[in-house]
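Chemist: Throw the hints in and build the complete structure from the sequences for me.
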Amino acid sequence: MGRKLLLANDHIEGIRKLDVYRKHGGYSSLEKALKTMTPDQVVEEVKASGLRGRGGAGFPTGMKWGFIAKPAGVPRYVVCNADESEPGTFKDRYLMERIPHLLIEGMIASSYALGARTSYIYIRGEYFYVARILEQAIAEAYEAGLLGKNIMNSGFDHDCHVQVGAGAYICGEETALLESLEGKRGNPRIKPPFPAVAGLYGCPTVVNNVETIAAVVPIIKDGGAAYAAIGVGKSTGTKLISASGHINKPGVYEIELGVPVEEFIYSDEYCGGIRNGKKLKAVVAGGSSVPILPADLILKTANGESRLMTYESLADGGFASGTMLGSGGFIVMDEDTSVVKNLWNFTRFYHHESCGQCSPCREGTGWMEKILHKILDGNGTLSDVDLLWDIQSKIEGKTICPLGDAAAWPVASAIRHFRSEFEEYVRNGKSIKDVKHYFRLNQVAEA
Amino acid sequence: MSDNKEYKFSDETLATAQRIIRRYPEGKEKSALIPLLHLAQAEFDGWLSPGAMDCVSALLKIQPIEAYEVASFYSMFNLKPVGKCVIEVCRTSSCWLLGAEDIVRHIEKKLNIHVGETTKDGMFTLKTVECLGSCGTAPMLQCGGDYYENLTFDKVDNLLEKMKSEDKRRVYTKDDMINI
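Protein chains in written order, with the numbering used here: chain A, 867 to 1313; chain B, 37 to 216.
Hints should not be assumed to be uniformly reliable.
Below 27 Å or equal to it, Euclidean Cα-Cα: the simulated DSSO-like pairs (lysine-lysine) are [unchecked claim]:
{"id": "1", "chain 1": "A", "residue 1": "K1050", "chain 2": "B", "residue 2": "K44"}
{"id": "2", "chain 1": "B", "residue 1": "K163", "chain 2": "A", "residue 2": "K1240"}
{"id": "3", "chain 1": "A", "residue 1": "K1050", "chain 2": "B", "residue 2": "K156"}
{"id": "4", "chain 1": "A", "residue 1": "K1015", "chain 2": "A", "residue 2": "K1087"}
{"id": "5", "chain 1": "B", "residue 1": "K156", "chain 2": "A", "residue 2": "K1057"}
{"id": "6", "chain 1": "B", "residue 1": "K156", "chain 2": "B", "residue 2": "K116"}
Just so you have them, the derived chain B footprint on chain A, three or more residues with Cβ under 8 Å [said to hold, decoys possible]:
{"id": "7", "stretch": "946-952"}
{"id": "8", "stretch": "1003-1011"}
{"id": "9", "stretch": "1204-1214"}
{"id": "10", "stretch": "1230-1237"}
DEER-style ranges, computed between Cβ atoms [what the hints assert, rightly or not]:
{"id": "11", "chain 1": "A", "residue 1": "R1228", "chain 2": "B", "residue 2": "L115", "range": "15 to 25 Å"}
{"id": "12", "chain 1": "A", "residue 1": "R1228", "chain 2": "B", "residue 2": "P100", "range": "21 to 31 Å"}
{"id": "13", "chain 1": "B", "residue 1": "K204", "chain 2": "A", "residue 2": "R869", "range": "43 to 53 Å"}
{"id": "14", "chain 1": "B", "residue 1": "P86", "chain 2": "A", "residue 2": "E1289", "range": "23 to 33 Å"}
{"id": "15", "chain 1": "B", "residue 1": "T155", "chain 2": "A", "residue 2": "F925", "range": "41 to 51 Å"}
{"id": "16", "chain 1": "A", "residue 1": "K889", "chain 2": "B", "residue 2": "P86", "range": "50 to 60 Å"}
{"id": "17", "chain 1": "A", "residue 1": "S894", "chain 2": "B", "residue 2": "V151", "range": "49 to 59 Å"}
{"id": "18", "chain 1": "A", "residue 1": "G939", "chain 2": "B", "residue 2": "P100", "range": "31 to 41 Å"}
{"id": "19", "chain 1": "B", "residue 1": "E197", "chain 2": "A", "residue 2": "D1243", "range": "52 to 62 Å"}
{"id": "20", "chain 1": "A", "residue 1": "D1243", "chain 2": "B", "residue 2": "K41", "range": "39 to 49 Å"}
{"id": "21", "chain 1": "A", "residue 1": "A1091", "chain 2": "B", "residue 2": "E197", "range": "55 to 65 Å"}
{"id": "22", "chain 1": "B", "residue 1": "A51", "chain 2": "A", "residue 2": "K889", "range": "32 to 42 Å"}
{"id": "23", "chain 1": "A", "residue 1": "R1228", "chain 2": "B", "residue 2": "K145", "range": "29 to 39 Å"}
{"id": "24", "chain 1": "B", "residue 1": "Q54", "chain 2": "A", "residue 2": "R1228", "range": "33 to 43 Å"}
None of these hints come from the bench; they were simulated from the model. Note that the Cβ used here is the ideal one computed from N, Cα and C, for glycine as well.
Modeler: See below:
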């Protein structure tokens, strides 16, 4: 059983409430930071922890914090990215719903470290009930003097607010999120300037994912070195994995980074194996944007080494044979899954969610969706597969924000690893067309 | 731009709107636009008519176009009238892998409408939406801010029956949303 830093107490009844949360050690990290540490010392502990952004990009959090500009007389902001929209990812929702005060405590502590008088939690609009839970937690914190003026008699003042979005995947991109928070369309900004210099309202801003901010709490409690002692190499600490798809035990699991992928999929402690006794076909390991890998490559690297749940091991082999840890949205597909139709589902998603600013993404995602539709409909040609490859290669790296890359990678990886399946659709599409492409609900009724 | 209906927030909603506006620094009140559009949608029959949006832009002292361009960007804002219960079925990724298409077809058959349409009695609108972060409990649908997960045909049937018999509008900003 691995150590749990974020979800150690999620099973405790009433942990959503402030008094229960405090009874189990809640807000002791904040007290430690405010009473015994300077803001810079908190930043140093986060640097020492090796914590990396848990939203998907994996950028070292301490380094991001270190970039924040500190011009005199200009307010700084901490913004929590709770827009969790990456398909296959539901860990932040779980954390906020179960232990909202962990996030609030992390927000206050991070704001203390960065010198922010105000912070915002930008949560996707569909998580409306979760926003309510957070608002209740914030109200409790104000009442207990954990928010507002002179928190815990430290002289530190802080206000934290929840802001709901309204349905846009793109707002998970940090500059689009800031635009949305300013009451505008979620069009990503050109970087530089980075938010650390000119973010919310043009002021220095740090945008961090929910899980990243929550992880600051155990880092302050036990120290950065203790956090860094968990994990493998540069993948330190624990990570929340959202496991879904054709597995026996879908759900959110906190793992110590370094668990073998095979153990994660088959052990009863985690996913519990493939449902209905089927075989594993493919895995999308870090949310829909990361490359899909066939069973053999997700379990073992191209060199035959056991693949581990770490940033480095999942990326081993580059995109030729590896993938990414991403957001930890771990989607498992069994032997009956059509990779081509799954790709169509993903591509349709990116087409729908493209903000429309950059032509390669706006047009390219639509073209890819249409071509995949044509192939699935039995009207594709072999050159269509090459055309798909060509289009994705002309989106990747040519857009303002990473949504273009995120739309391109699933296409490239599906063709790279499952080209024969595309060709099968081209050759026998008319006959495949009416076959069940995916798990059907009525199979449950029949079984 | 406005129809003949008068769009005015109730005192209670207005107080909530003012409370939200105060969360932002002076001069940055426009930040409250999205939360206020949610309030307007909840207050004015579940959709944003030009008049409803104008009510918000007047309150924030911004140009009407600033509200229109934002409302048309985000998928949760309905720019056409909707039924009392907007059924939003997740169609992405894990929900799709686990039968979302069947759930959609089942509801279409049951309500005798297609995706994007509203039943004649004005009770239901059926929409498909992108990943709602409920992949571990797929397939799922959302209605009025509530999640309905691990769906089966029976569960969907019971849910639709229940909503029909309760005959009330389900919107995002309702106060009894959480049961702690």
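Chemist: Now, for every hint given, state plainly whether the structure supports it.
Modeler: Going through the hints against the structure:
no.: 1; hint: K1050(A) to K44(B); verdict: holds, 23 Å
no.: 2; hint: K163(B) to K1240(A); verdict: holds, 24 Å
no.: 3; hint: K1050(A) to K156(B); verdict: violated, 35 Å
no.: 4; hint: K1015(A) to K1087(A); verdict: holds, 23 Å
no.: 5; hint: K156(B) to K1057(A); verdict: violated, 49 Å
no.: 6; hint: K156(B) to K116(B); verdict: holds, 15 Å
no.: 7; hint: 946-952; verdict: holds (count 3)
no.: 8; hint: 1003-1011; verdict: violated (count 0)
no.: 9; hint: 1204-1214; verdict: holds (count 3)
no.: 10; hint: 1230-1237; verdict: violated (count 0)
no.: 11; hint: R1228(A) to L115(B): 15 to 25 Å; verdict: holds, 21 Å
no.: 12; hint: R1228(A) to P100(B): 21 to 31 Å; verdict: holds, 26 Å
no.: 13; hint: K204(B) to R869(A): 43 to 53 Å; verdict: holds, 47 Å
no.: 14; hint: P86(B) to E1289(A): 23 to 33 Å; verdict: violated, 51 Å
no.: 15; hint: T155(B) to F925(A): 41 to 51 Å; verdict: holds, 48 Å
no.: 16; hint: K889(A) to P86(B): 50 to 60 Å; verdict: holds, 52 Å
no.: 17; hint: S894(A) to V151(B): 49 to 59 Å; verdict: holds, 50 Å
no.: 18; hint: G939(A) to P100(B): 31 to 41 Å; verdict: holds, 35 Å
no.: 19; hint: E197(B) to D1243(A): 52 to 62 Å; verdict: violated, 36 Å
no.: 20; hint: D1243(A) to K41(B): 39 to 49 Å; verdict: holds, 45 Å
no.: 21; hint: A1091(A) to E197(B): 55 to 65 Å; verdict: holds, 58 Å
no.: 22; hint: A51(B) to K889(A): 32 to 42 Å; verdict: holds, 34 Å
no.: 23; hint: R1228(A) to K145(B): 29 to 39 Å; verdict: holds, 35 Å
no.: 24; hint: Q54(B) to R1228(A): 33 to 43 Å; verdict: holds, 38 Å
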